[in-house]
Structures are given as C-alpha cells and as structure tokens.
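Chains U and F, in that order, give the protein sequences.
Heads up: the first sequence begins at 1 in this note's numbering, then just goes up one per residue.
Heads up: the second sequence begins at 1 in this note's numbering, then just goes up one per residue.
Warning: the hint list may mix true and false statements.
[As the list claims (entries may be wrong)] Distance ranges between label pairs, derived from CB positions:
1) F:Tyr-147 - U:Asn-689: 38 to 44 Å
2) F:Val-169 - U:Asn-134: 41 to 47 Å
3) U:Leu-148 - F:Glu-177: 26 to 32 Å
4) F:Ile-188 - U:Asp-149: 26 to 32 Å
5) F:Asp-181 - U:Asp-149: 28 to 34 Å
6) U:Glu-146 - F:Lys-187: 16 to 22 Å
7) U:Glu-146 - F:Leu-417: 55 to 61 Å
8) F:Leu-417 - U:Glu-70: 38 to 44 Å
9) F:Val-169 - U:Lys-300: 18 to 24 Å
10) U:Lys-112 - F:Leu-234: 39 to 45 Å
11) F:Leu-417 - U:Ala-95: 34 to 40 Å
12) U:Glu-369 - F:Tyr-147: 37 to 43 Å
13) F:Tyr-147 - U:Leu-148: 49 to 55 Å
14) F:Asp-181 - U:Ala-490: 51 to 57 Å
[Unchecked claim] Computed cross-link-like contacts, PhoX-like style, restricted to lysine-lysine with a CA-CA straight-line distance of at most 25 Å:
15) F:Lys-124 - U:Lys-112
16) F:Lys-319 - U:Lys-69
17) F:Lys-319 - U:Lys-300
In short, the hints are calculated from the structure, not lab data.
Idealized CB from N, CA, C, for every residue including glycine.
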Amino acid sequence: MVEEAAKSLPMELSEKGGVENNGFVQNEAFDDKETDASSQEGMPKACAVAVEAVAEEETVLKPYAGMPKEVLLQFSSQARYRVTREILFWLIIAAAVALVCATIAIIALSPKCLDWWQASPIYQIYPRSFKDSNMDGDGDLKGIQEKLDHITYLNIKTVWITSFFKSPLKDLGYGAEDFYDIDPIFGSMRDFESLIAAIHDRGLKVIMDLIPNHTSDKHRWFQLSRNRTGKYTDYYIWQDCRQAAGSVIPPNNWVSVFGNSSWQFDDVRKQCYFHQFGKEQPDLNFRSPAVQQEIYDIMKFWLNKGIDGFSFSSLKFLLEATHLRDEPQVNKSQNGVIITAYSQLYHDYTTTQVGMHDIVRSFRQTMNEFSREPGRYRFMGSGDDEKEDIEATMMYYGTTFIQEADFPFNFNLINMKNLSGNSIFEAVDLWMKNMPVGKWPNWAVGSPNAARISSRIGKQYVNVMNMLLLTLPGTPVTYYGEEIGMENIASENVSEEHVNSDPVVVTLPEKSPMQWDGNINAGFTEGNSSWLPVNSNYQSVNVEVQMTQSNSTLNLYRELMLLRNSELPINRGWMCYIWNDSNVFVYVRELDGLDRVFMMVLNFGQESTIDLRAIVPNLPSEAVVRLSTNFSNAGKAVSTKLIKTEMGEGLVLEYKTTKPVHTMETFQDKCFVAEKACYSMALNLLYMNC
Amino acid sequence: KVGLFSGICMIVGTIIGSGIFVSPKSVLANVEAVGPCLTIWAACGVLATLGALCFAELGTMITKSGGEYPYLMEAFGPIPAFLFSWTSLLVTKPSSFAIICLSFAEYASAPFYPGCDPPQAVIKCLAAAAIVVITIVNSLSVKLGSYLQNFLTAAKMIIVTVIIVSGIVLLAQGKTENFKDSFKDSKISLSSISLAFYNGLWAYDGWNQLNYITEELKNPYRNLPLSIIIGIPLVTVCYVLINISYFTVMTSTELLQSQAVAVTFGDRVLYPASWIVPLFVVFSTIGSANGTCFTAGRLVYVAGREGHMLKVLSYISVKRLTPAPAIIFYGAIAIIYIIPGDIETLINYFSFAVWIFYGLTVFALIVMRFTRKELDRPIKIPIIIPVIVTLVSIVLVLAPIISAPELAYLYCILFILSGLIVYALFVHFKFSWAQKISKPMTMHLQMLLEVVPAEEV
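Next up, chain U with everything else stripped away, as it sits in the complex (with noise of 0.2 Å):
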C-alpha cells in the first residue's frame, strides 16, 4: 500500500533489476492484456517493447516509477496501454449509463407502495376504557400516553381513539357540545398535543372520530339557532309543526333510529327540529353552505394539530329530503298504524340521499390539502354501523376519478349472524366480491357497538378469528383487548345509573377497562373503582400475563403480526379461497416471483379432517405448520392429505411450489389481489407491469 520512492530510485532499479523487472513488466503486461480480452493482438507488442527496452536501458528511455512527462508520452501512447485505456474508460463510462438506467427502471418499475393505512393494522381505543391516569376510575387521554408501548410491543402502526370531544352524553361522545375541545374527563388539549407528539414520536400515526351530522343539544350552535341568531337560523333543520290538543303532529312520518318522531318541539322556537338519532342529538342542516364550512373547519383545526386521518361515522344520515313527503312503510298492510320503530319504515328519503357522497368527497377534498406534504397522507375511513346494504356501503371508495374514503369500514364480520367456515367465507366474500377494482379491503371482528367475539361466539374461537383478520389481505382493525381475547362483562355488573343516563341506546359489557395486570382493577386505575367493572376473568386475562405464557392469545397475535411484517405475500399478495365448508375455511395466500405459499386452514366449527391434496392439484404432500392456535404444533410437518383441525383451531401452513394457486385455471376466479405487485428474488425488491 505505501511506498517510499525516493528520486534517485528509478536509475538504481535500472542498474540492479533491469532484466529482472522486465520479464516482470512483460508478464504483467501479458496478464493485463488477457482480462481485457485484446490479448492476441497485445501478445507480440508487448514482446516488442520488451526488447526495444532492453536494448534501450543505457539512455534512461525506459519507463520507470516515478517517471517525468517526457519519458511517459514515449511509452504511454503505445497499443497496450492506449486500448486498456480506452477500453477501461468507456466500461466506466458504460457503468455510470447503466447504473443510471437500472435506477430509472427500478423506478418505473416500482409497485406504488403500501401506504402507512394500508400497511399496519389499525388498533382502536375506547378512550374511557383504556387506561386511567389520574384514579377518577375513567380513561384518559394521559393514559393512552402512558400505555403507547403496548402498541410498539403489538408491532402496531396506526391507533384510532374514538370520540372524545366535549359531550354532554356519558357515553361515546356522540354528539358533541364542542367539536373544538375535549371532554375534561379525558384531559385537557395540553393532554391531547403531548399525545399526538408521543405518537409520531414512536413513529405511529393516529386517527379519530368524527360524526358531523349532528350536535348535542348544549352546542352553541343550537343555542344560537333556537334564537335564531344571524346565520345560525338555519344550522339545524327546522320545520313548523301544528300543535292540536296539547300534543304535536310532527311534519311526516319520519322516525328516529332510537324509535318514535324525529321531530321534536322547541318551546324557545316554537317550531320542530328534525334528530335521526335522540332528541338530544339535532342534525345539522347539511344543505346550509354556513354549515359545510364549519365541518371542514373543524377538519382543519384537527388535521393542524397533526391528526393522521379521520373515521367520519354516520354519513349516511347527512341529508334528508327537502320535500318531507312520508316514507313507505315496510308492511303495507299496516295502514294508519302509528310508526314508532326504525325498522317499519324504508328510509327511502332520509338515508343516502343524492348530493350526500358530494359532501362526503368535499371532506376527502379539505383532507388532501394537508397530504401534500411528502409522508403525510391523511387517511379517511367511513364507517356505519347501522346495516346497510353492500352496494351503498362501496359508493364511500369513491371511484376511479373521483377519491372518497380510502375505505369504508367493513362490519361484515361483526354482523354475520351464525358461525361456521361458510359463513366466514360469505362474510369475506361479499365484500370481496363488491368491492371496487383497485381499493383496498378492511376487516374487523370487534367494534365498540357488538359484543367481544368471546362473548358473541365463543371463547375457543378468539384465536382462530385473530389468525383470520391478521391473514386476510387489507387492512385489520383490532378493537382494544382483542389481542389478549377480553370477553364482555356480565351485563347485571353494568350498573342501571349508566344503562339509564343515556338516550343513546349504548352496549357497554364490551367496554369494561382494558386488562392490563393482576393487580387490583386489572391495572386500569389506581384509583377504588372503576366506571365500569373489571371483567372477573382478569387475573387470567391480561397483558401482564400472557406475556410471559407463550401459548397465550395476545403471544399468538404477536407472532402473527411478525408474520405479517415479515412475510410478502401474507403483506400484499394474492388470495386465493380453496376451501369453505361448515367446519372449515381455507384460502392461501401468494406472491408472484415468490414460491413461498402460506396456506391458511381455520376451523370455525367442529373438529374435521380435510383432504387439501385432493382440492389443489400439485399441492405439496407435505407442509409445514407455521404457526398454529395450539401452540405446540408450530413448526411441525403436515401430510397435505389428511389436515385435521380441532374446533376453533387455525393453521398457518407454509411450503413451496411453483405453481401458485392464482395462476391454475380451476381457481380463476376465486383469486383476489389488491395493489398488484411481482417480487424479484435477485433483486430483493417488489415490481409491477407482471
């Protein structure tokens, strides 16, 4: 590497070695000219210079280390010298061109990637349940903050607190006094920056709930509209209404979700305003441009204090027919009968009416204001959970050309009326199915208005149902304490004060506190008691514990989670049904350019043995059990031919091909892949056009 050259070192070299080092200068030059691959016109060139040195040594014309211009222009310009040159030259300057072309290809080559949405699951918090801070026995916001590191430990990216703006209602802050505050059982707004900043410094994102159709009955709003004060006449929908006999005959037929009119008499207006939900809860009147903007502002104030997305609930509910006419009723024969429940009618003029999905993507629009910043995308979901029928939910995906939700919230999964692995599969399937080219799908199995799948179905089948939401393809919503299987608490524990205080008709047994340890309240509180009892079974069920069990729900959804990151296909690739009967349902899924398949068999019924070999053509005899429900069975090696599952158990099965499922004629059309895109073993990275 270092040399020392003194100057007088040329002629001394000249005298000793010269012989020697020119057999070594022509060895040299022989090698040199093989690896360009000119040797055979190099060879006797360099023979020749050899022995025109030789005999040239006395007059110092020959090249030496160190030489000066004048000697070097002699020999540098000579054929071997001058074509290695050359030739080295424009391979360098071939691979700066090529280098350069491989990036722009990689480039345009490049899949658009997974955004933070679609990557990550969504971890949903029911603010109140989660964890106290300050031992009042309610959830705060502080508490959230102090729990973060459970939701880096669950490998999670993106946490949805539910509503918490300053309501009257004890319960879900349905219906806000003050869309700009929170409610002070939660914390302060100093609680809420500190939150978001501890967030995004753990590299998480958040969004939060927003239903804009109506307000509480304090909001300012409709104290200033019941006077009717300047703009604010016309924020709520009023119409009069005829007293006769002391009672009031509302305008139509119309009634409320929770049951009776709608419309309901204002002693300060003396006219009826118009609540598809309680009578606390007026709606706002959508078609006032004053009203609109309030919404986007409110947006706006949210997404400026670094929101990362927003799940507007009950959009359906924006308009209303401007014409009042009755709505028909369901059983015709029923003629004169008094409508008092939601269900008797169509809600043909109240739900869905045209000009709602305009608002709706005039949200979308004030959202993609504040995603231009690069990395900053705000994420809009939509979510009702009130039935509605399929096609009407895939209108919120928007279409093609013009962007509406990133997606609706899929509760098909909540809502499926019995259990078995046909029933599971009509459930994915149907939304599937629906929806549209190119968007992407979401799953959940638990929301804060159903019962705990342990409670709703059955606690053998936790595990199997997070296995089914973390290998679906999309975008999985876990509901706090579904990672550890929390089941609902007795609803006799739901003590009468709270089932009593709310006009809302609100579930709470599948919101008691989150189950952190053993100790006294699970860990929520370290106050005496909490707002809703602790579930009995917490001493066995909690974060603390399951831990260190490595059979446990919440290790199970840890190690699928590590799958999901880890694996391609189970992240983005392709799915593929293979099986559905009333025991089982299997799907696979596959990556193109990868010939690692997982296959997934999960049992959501009894005890069965099915024959995979016998569906697939060219299956693999054998598999092996990734990851199982039963712990002890990961890593085993399975016959293809004879798959047993017990009840409620689930198999990730992995094993190789290369003949993927999606690409067989017979599963055609039962194959399924959003965000398409092709992996390339040698380059280790995802492309697309394949």
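Assemble chain F onto chain U, guided by the hints.
Below, chain F alone, put in the same frame as chain U:
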C-alpha cells in the same frame, strides 16, 4: 489559483450541505425550545469561527496544502500525521463521500416512493452512479469540475435565499407566534447543551476546507484568514435565518416530527411551486459530494509527497492536469463503502475520530507556540482561542462515548492505531519486497492513466 471570492464560496458551499434542509432538528431535539435552539446555532457558529481562526494561524504559518496533515507533521512528527492521513484517506473522507451520495440518492428517489422508503437497490444504484459521474467529471477536467461546483453552489445559495426571504416576508406579515416565550419549556442541562453543541457543530464541519488548498490560494496570507473570517459568520447567519424561517411556519413539535423540514416548509409556503425545494436540496447534496473530491485529492497528494501514501496516487494527469489517481482511488473506496447494508452507523462511530484530529491540530498550534518560536506568524491569535477549541474538542470526543459507551469506539481506536503497523512496515523499515511490488505497479498505472509526479508536469 483561488482568490478571495472563490475562497469564501468554497467555505460556504462546503459547509452548507444537506443537513440544514433535512434535519436541523438535532439541535432542537436536545433543548426543546426555539430560543435556546437559535442561540446554540449562533454559538456553534462562533465556535467554528474560533476553530477556523486557529487554522488561519496554522495555514499562514505553514503554507502547505493538506489540512491538518502538515501541521501535525510539523508539530508532532510523521507518526500522528501518518495516522491522520491513514484514517482520513481510508475511512473518514471516502465514507463521508459515500454517505453524501447515499443521501443524495435518497432525496432524489424519495418523490417516487410516497409513503414508504425507496428500495435499497435504487438508492445504491443511484449513489454509485453519482460517485462514478463525479469521479469521471473531476478526473476529466478541472474546469468541468469547478463549473459543476459553481452551478451547484449557486443552486444551494438560491434555495437558501428563497427560504430566508420567504421567512422574512412571513415574519413581516406578523407570523411571530412561535417566537413568543421562546425560552419557555426549554430543557437546559449540561448534558443537553453539550449534545446540542455536538450535533450543531457537525453542521459547520468543513470550516478547515481552505487549509487543504493553501498552496493554491492567491496571496494566502491575506486571503486565507479573510475567507475564513467572512465565510463562517456568513454561514452562521444563514443557518440562524433558515431556522427562523422554519419556525415561522412550524412549531417546534412539527419541526421535530417532519421527515424533511425544508420540504415541509416549501409545501406550506411555496405551494404550488413547492417542488423546487426537493429539487434544489438534491442539487445542494450532490454539490457537497462534488466539493469533497477537491480536498481529498490534495490530502493524497501531500501524503504521497511525504512518502506516506502510494506515490502514484499523488500524480497528476499529463494531458488533463487533474489529480486523476487520487480521485479514482477516492471514488473506488467510496463505492466499496456503499455496498454493505448500513454504513451510517459505522460512520457515526468514526465521526468522533474527526474531532480527535481537530483537537490534536489545534493543540499543535499551542505546542508550536513554545517549540517553534522562530516560525513567522503573519497572524497571531490570542492563545486563549486554541485553548478553548482544544477543550471543546476533548468534550466532543468524550461526549458521545460517555453518553452511549459502545465497543465500536474501541474498534475505531484500534483501526486508527493499526496504522502504526502499516507505518512501521512500509514507511519506517521500507521493506524492499514492498517496493518490488509497488514500483512496477506504479509504472504501469502511470502508463495507463498517463500521470506523472506533479512537479514534472
């Protein structure tokens, strides 16, 4: 020959890299409030000026190119100087070249991958392409290289000006809310301040740039100190003003969370022309990469002259008058550094080595005040300045080791010391077999590249 204006340009152009556009948050993250953050940026500028003043004295006293190398040689003899060139030429300089090219590749490809990281293949291909192109340009023509440098420095100054001017306009419009109570909520402790300084001073690295080309300066006794005294405060002012601009549109929390601060700024202020920011940041980054070629060549040249490096590396192209072997060597090593997965961590460990040599050099100034009294010192700075700079260097070397001690630092020390073995074998004992290999190699390389010793051109 480099005049005063070019000298200032060179200082400003090299110091302002991509850092100020991408992650000015390192200072803020440590002190957490706007007021102390701006103060520390300014204080770092003062410290850098002090350090540069020491280099001004050294540079006018020993008018040799090669940065720290000749000063270490003069004060402590060949071994520290050899260790400096050994570490710089094999690790710190080529790896920082590689890093700058990698970040260039990252910025350039980021717009094509919204929402996720570009694949490694893209980043590495593009970085390698950048290295190859810069190497080709600089070995083909000095003029082409300096034209490129001027263009890229101009681009850098344009974006700096755009950001500063739009910040001033916003301030004039009354967007000052982020500066109210600017010292509130600050986290001030000895460790937080020293870490903030540590991070801040990195943004000023490059203040000794002109010392690498002392021999090429026109009238170095005047132009070297003047360039330093004008250049570094200029950079300081730019840094502080850019930070102020950022704070007019971003709260400190937002600044900390932004992936690329200047891009966020551009998006909020310059929309719909916000695309110019990433474009110019890319220019600025590649400009910094190009600039490093300039100095690396000089160091190889000087070290080769002293017999501390392969002589052939210090040779100059006969026809093109470029230090082609040095630049090709530099590029080749940089490409090797690109290949492994994560070199940034390695570099972070080595970065403290830079401060060892800064400290040693400034200490050399103090030592020579006593041992080399006879030397003519056209500029004589108060001795307190080198004392302060030496102390600061000691803190900066020890701070990362104490705050997060890791075995990797030991490996770095071992690598630096391993230079001693090389020194003993090839420089001190001058084994003849080493020359038997190197001489013909030198000769053939000379023929191939058409290069000759600089004094023979």
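- Query: Can you list which hints this structure breaks, lowest number first?
  - Reply: Hint check: 7 and 17 fail, others pass.
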